[in-house]
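These protein sequence lines map, in sequence, to chains S and W.
Residue numbers for the first sequence follow the working numbering, beginning at 401 and rising by one.
Residue numbers for the second sequence follow the working numbering, beginning at 350 and rising by one.
Hints are not guaranteed to be accurate.
[Claimed, not checked] From the structure, some residues in chain S lie toward chain W, with a derived Cβ separation under 7 angstroms:
#, residue
1, 417
2, 615
3, 618
[To be verified] Distance condition first, Cα-Cα at most 27 angstroms in a straight line; then the derived DSSO-like pairs of lysine-lysine:
#, chain 1, residue 1, chain 2, residue 2
4, W, 751, W, 709
5, S, 572, W, 709
6, S, 467, S, 430
7, S, 419, S, 467
8, W, 709, S, 529
9, W, 751, S, 412
10, W, 413, S, 419
11, W, 449, S, 412
12, W, 449, S, 467
13, W, 751, S, 572
14, W, 449, W, 413
15, S, 601, S, 572
16, S, 589, S, 601
[Stated by the list, open to error] Examples of chain W residues lying across from chain S (beta carbon under 10 angstroms, computed):
#, residue
17, 622
18, 625
19, 630
20, 634
21, 641
22, 670
23, 710
24, 714
25, 718
The set of hints was computed from the structure by calculation and includes no laboratory data.
Model, not experiment: these values are computed from the prediction.
We put the beta carbon where it would ideally sit given N, CA and C, even for glycine.
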Amino acid sequence: MGATLLYIEDDKEIGAFVKEHLEARGYGVKWLRSGERAVEEAAGCDLAILDVMLPGLDGFTVGQRLKKAEPALPILMLSARTSIDDKLQGLQFADDYVTKPFHPDELTARIEVLLRRTGTGGSEPVAVKHLLVYEKENRIVRRDSGEEIGLSGKQFHIFMYLLRHLGQIKTKEQIYEAVWGDPYLEGDKTLMVHIRYLREKIEIDPAAPEIVETVRGIGYRVRA
Amino acid sequence: MSRPREERRPPRRWLARQTLLTRYLLIVLGAFLFIPIIIPLASLLYMTFDSVAGGDRHASDALKYGNAAQVEQAWHAEAAAMQGLSEDAVAERLRELKAKYTEASLFWVDESGRTRLVLPEEPVMSVPDRWTAADAVGFMKRSVNGDPFTVVSFIGGSEAGADFIVLQLPRYLVRAGSPSGAGAPYMLGFILLSVALFAVLSLLFFRHIRKRLLRLQSAMLQQDGHGIPAPVEVRRMDEIGGLEQAFNGMVQQLKSGREREREEEELRKRLIANLSHDLRTPLTVMRGHLYRLQNEPLTANGRSSLAVMEQKADGLSGLIDNLLSYTLMTSGRYALTPAPADVLRLVRESAAAWYPVWEKAGIEADVRLPSEPLIWNVDRDAFRRILDNLLQNIVRHAAEGKHVGLYLEEREGGSAIVVEDRGPGMRRKEAAGRGLHETGAGNRTEEGSEIGAGNRTEEGSETETEKRTSSPSVRGQALEKGAGIGLAIVDYLTREMAIEWHAESSEGGTRIYLLQRGAGELF
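Bound conformation, chain W alone (with noise of 0.2 angstroms):
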């Protein structure tokens, strides 16, 4: 489905094109790469530093006599300075010198190995008068590397004299701190920098991650008109490009199946309409017939004849509405829409309607609403149907009683609007039904095939004042005399708007209560 997109994308990136473990791993993997990379990196780092360190330290004459090789140096460019100096002149050179490295001690052995001159006179380290082989062997092997920092020299510069004088100075002035450390911050520093580079890199990632998520939770939340979610742009092909693909793919899916319903809705509407129309053309040329009869001389029979016709073609005609509509309606394609109005204005505009016809039925109307407004939450023309079909019920079926009645009254839960009818009664009706078929009812076992006679020996055990909310006892019950469909719709209407219908049926008449509990509560 998605498949001709992708190709006409742009091409990716290689990176962009892996999948998410792919790069992640592959961060992962930069990083351990990167530790033999880091390590020499680091070192050279801080030979750099230690350097630059080292050298500024020189500058700014943080070693008072210089380093250890600049001391060495110095000393040996003394001795070599003081060849062929008198005992005397050398003697005076080192008591300058010692003024010069104040913390020094400074000695001189001449080459019979005899200490000539110690200073200062006190020394730190006891020096031996006569120097033998093995004093100094060992004054050397104890000076390489030691506390205090040794050079020693021989005057004139070489060996050739065999005098030599010697400089001690305390290591510390020598060597700047500690040697091994002056980069050592900057390259755990570096190593630091470097763990965190990895770790924000991972956050990066995830941060990525979580907001391609986001985004497409909230594409998928994200709603048109019809309930649907727009597609997303996927935009790289991994995990979540593969979940975005799927979710495209759903989305259209859904499109696809919603157009596929509206166009079966769009067929079956056509079909009722065409339904309705073949049946209600001949409907339409009878009537016309019978018109054009009326205005012919006839006999008191064939008048009576012509009525009882008409009467039936107006039945056959309502049936026909009620039956197709019964069939939009059960199928979901009759949306209501349910809101705040004034149901005893649609009564009363209702009766308004019907007045006239039943006027012509000799039917008295007793219609008693107080004027203050009950407010339903109902969808109106709904509401209106549900009027008509009972009303149009009392004039095909309780025209005798010659009464019809529109009251409101208190029940249990709220203002009930009752219509009231002196009609036989569904109750007669049923009783008709259930003495035609009591014999047949009990043999019911034996004589099964009988068509509804189950249907009528459950009606028969009814209470008098049983509820008729969506039961399907009215529909079984009413089909007899064609006021089922009718009520059947009521039932569906009421139900969608969550009203409450019961009937109260006896000899002398019905009562049908309609009632919407705790609306009043609602506004």
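Bound-form chain S, shown alone (with noise of 0.2 angstroms):
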């Protein structure tokens, strides 16, 4: 994907370890082992990763300079705190926060979700399944027809919503909410009547659903 990381880690050997990951994933990685420069290091690049406990400058004071001199600026938080103490504390200006000993997978899964939720993702086409998502573009095709399927404004926020938190089962209220921004009311039955159009539309068989899979008596979600 090519995205540039800001990555300040004051350990040598986790250090050493998820830059390699990283860049065998296709990032730059700029690793800075303390957070000085880092603000002036953040210029040009896509997204910070950030850890707590830094030499100097602790990772939540570096955060907050960064988050202020460059807003647009993902941050996601590599803590070795407990959860308990230090979440939301960190969340205030963190994007998202991943706890030590954090999975490599888990981590890189973590920036794709944030550089694509931040738009840095790229113009490259998401493919799911049978389609590929230009979410800049607002557009999606069949990959097999190159066929374009038009959704209504509500039916796409909800495709994106669940393609950009790709792999995550989200409940009918989390949807609702970040959809329409509003509380979701007991009995409301919208959300589930925007689903059943929005997959006679994009699904080959909408009664058997692929792409937007029901998980029962959960909710919602949409894998890769």
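Both chains come to you apart, so use the hints to assemble them.
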């Protein structure tokens, strides 16, 4: 994908390993051992990965400075702290949070989600089953026929919300509140109706949906 | 503590520096000392008013003929004027005078002691026709300060002629009301006023004290954001001032105590954070290398070892997190803010987050929750944490059951959230423990050193559906498999949010019930 990541990590072993892993995934990685020059180095980067425990300035301070200097730069916190203690403080400015020890694949997955969410993910289409999704252009195309699928505003929003959280299950409340921006009211069938229409348009067989999957009793998800 | 402030303050009036007792005693003393001043002052007032009142009466002609002195003077003048008049002329003059002093009795006695004229003809008092010396003396004696008021004058102004004329007037005509009473009401009023002044001063004094006490009370009740009252301004150095100072000292102590507590808390948090970092950094490194190994060509055995190592690294990481969280929580550093929330929604969200993990572990999820909200009074994060810990335990210890169920069931007291698995159950772990130590437990006294034996035998005697609410045995038992801290956190958080939780465990699986009693009535 070629996005450039600013990576700030004081531990040499972890840093070397993560850098190697991310570079293997095609990212450009700027690795700093401390947060002092973070703001200067952040120019031109698409995403910042911060360790919470840094010598000199701690990760939270660096993160806050970064957010102030580059508000659009997504920040992913890497932390070895206990979740209960620091999660909220970190998330005030961080866009996501990964607790150490993390699985390298989880890290890349989160980076991809963040990049996609902030639109840095590039203009390359995302392939989902038989579809190609051009998020920036609000365009969905069938891979086999090249035929474009027209979705209503809400249908597109729902699909994009699930796509941005690829592989994650979202409950109907979460989807409704993200798309409509209102608190979900009990017994509201609007979302179900929209999902039914959405499926009719994008699924090959709307009766056996492959893209927008129903997880019984929990919610919906889109899997790659 | 408050000494420097005391010195900074400008010097106060002498009175203000005295104690309340002294000040009140001063008032009482003042009142006593004032008595000798009040009395003469009252007398002076009396006299002033008396003379003013007398003068007033004269001016308004309250006394018909003037007062006694004036009548006497006028009578002497009349007598002096009769010098040398003929007897007829004297009688004539006396008749004229009688016309003037209508209420009076007049008589004229000549030098030989014979009564020449008595007016009116029928005198009120008998007048002797001939006066002896004894008569005269007796008359004079009777007349002094008697009623009627009597004036005796010798014609010609002196005893020369020895003829004398007598004027008798009823006393009331020459004396105003009660001669000793004119100023009395004023004097009484003045004394009463002085007493009232003393009473008012006392009242003001106590009112002032009361006001200051009330001010202090309200200052004590007023709290800042941390529940500490603000210090009060010490205005006077008396007993209340001392109280205020003591109060300020206490506030100061509270503040520094709070500060110290905060610092300790900060220190503790930092220590835990550092510990967490130090423990997890090597784990992360291990994790990285394990990941690298996965990409190397390995035998099937090598791969399975790798999988185990990875799983253990995960477990260790969770354990560290739970351990540190538990430390923070039990030291009261994790503030819960319960608010009404739809817990079923939280359960669904947790299930959504765990679903991929279950899928990976081949666990079938059966989630049957009604869509109507179930409102409990919970701290959302804490409730998520409870669910996370319970669901995590299923993945770690009951994955072989290949089942996780989330239901809502009616129990006595309300709707209970049920978390179900078909793993070996806690019972089996206990049973294993019991089996292992069965003999040892029996001989516990001999083999008292056997670690955990006591704990396990106690659990062994538990009934099938024993309540696990805050039971320490859960911790003891589950610690064996590393679930203990997770459950201890569940234990702690449920207790903090007044949620009951208990587990029913058998060979066939475990059902954990979560129930907030009376939650429905709360909202």
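Okay, the hints, checked on the actual structure:
1. 417: Holds, about 4 angstroms.
2. 615: 6 angstroms, holds
3. 618: With a minimum Cβ separation of about 5 angstroms from chain W (threshold 7 angstroms), the hint on residue 618(S) holds.
4. 751(W) <-> 709(W): 11 angstroms, holds
5. 572(S) <-> 709(W): The hint holds at about 23 angstroms.
6. 467(S) <-> 430(S): Roughly 18 angstroms between the alpha carbons, so the hint for residue 467(S) and residue 430(S) holds.
7. 419(S) <-> 467(S): 22 angstroms, holds
8. 709(W) <-> 529(S): 20 angstroms, holds
9. 751(W) <-> 412(S): Cα-Cα ~41 angstroms, so violated.
10. 413(W) <-> 419(S): Distance ~131 angstroms between residue 413(W) and residue 419(S) Cα, so the pair is violated.
11. 449(W) <-> 412(S): Cα-Cα ~139 angstroms, so violated.
12. 449(W) <-> 467(S): 121 angstroms, violated
13. 751(W) <-> 572(S): Between residue 751(W) and residue 572(S) the Cα gap is close to 26 angstroms, so the pair holds against 27 angstroms.
14. 449(W) <-> 413(W): 11 angstroms, holds
15. 601(S) <-> 572(S): 20 angstroms, holds
16. 589(S) <-> 601(S): The hint holds at about 19 angstroms.
17. 622: Residue 622(W) check passes; min Cβ-Cβ to chain S is 5 angstroms, inside 10 angstroms.
18. 625: 5 angstroms, holds
19. 630: Holds, because the Cβ-Cβ distance from residue 630(W) to chain S comes to roughly 5 angstroms (cut-off 10 angstroms).
20. 634: Holds - the Cβ of residue 634(W) comes within 10 angstroms of chain S, reaching about 5 angstroms at its closest.
21. 641: 7 angstroms, holds
22. 670: OK, holds: residue 670(W) within 10 angstroms of chain S, min 5 angstroms.
23. 710: 15 angstroms, violated
24. 714: Holds: closest Cβ of chain S sits about 7 angstroms from residue 714(W), inside 10 angstroms.
25. 718: 6 angstroms, holds
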